[in-house]
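Based on the sequences and whatever the hints tell you, model everything.
Going by this note's numbering, the sequence shown opens with residue 209, and the numbers climb by one from there.
Don't read these hints as lab results, they were simulated from the structure. Honestly, I wouldn't trust all of these hints.
Estimated spans, in silico, between C-beta atoms of each pair [as the list claims (entries may be wrong)]: (1) T247 x E273: 17 to 27 Å; (2) G261 x G233: 14 to 24 Å; (3) G249 x A223: 14 to 24 Å.
Computed from a predicted model, the values in this text were never measured in an experiment. We treat Cβ as the ideally placed atom computed from N, Cα and C, and that holds for glycine.
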Amino acid sequence: DTRRPPDAMVPHADAIAVHAGMQWGEIEREAIRSTLNFTGGNKAEAARVLGIGLKTLYRRLNDYES
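Here it is as structure tokens:
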């Protein structure tokens with residue numbers, strides 16, 4: 209079959225993998241990590257892209273370090 213999958217199915221360099229059975233915290237942590245990488249470490253921009261407040265981002269990062 210030579211059909212190409214829809215664009216939503218094509219992996220991108222800035223995509224994260226989510227698998228059945230993953231804990232929400234794992235998904236969230238990977239989304240934050242990937243977004244920080246995408247923004248070059250700019251936390252304010254990462255929070256904006258994720259649609260969360262900067263204080264929330266810092267809280268999550270602090271939680272992940274614990």
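* Asked: Falls inside 14 to 24 Å, the C-beta gap from G261 to G233?
  -> Given about 18 Å between the Cβ atoms, the range holds.
* T247 and E273, beta-carbon distance inside 17 to 27 Å? -> For E273 against T247, whose Cβ atoms are near 19 Å apart, the range 17 to 27 Å holds.
* To do: State, for the Cβ atoms of G249 and A223, whether the hinted interval 14 to 24 Å holds or is violated.
  => For A223 against G249, whose Cβ atoms are near 19 Å apart, the range 14 to 24 Å holds.
Hint compliance for this structure: every hint is met.
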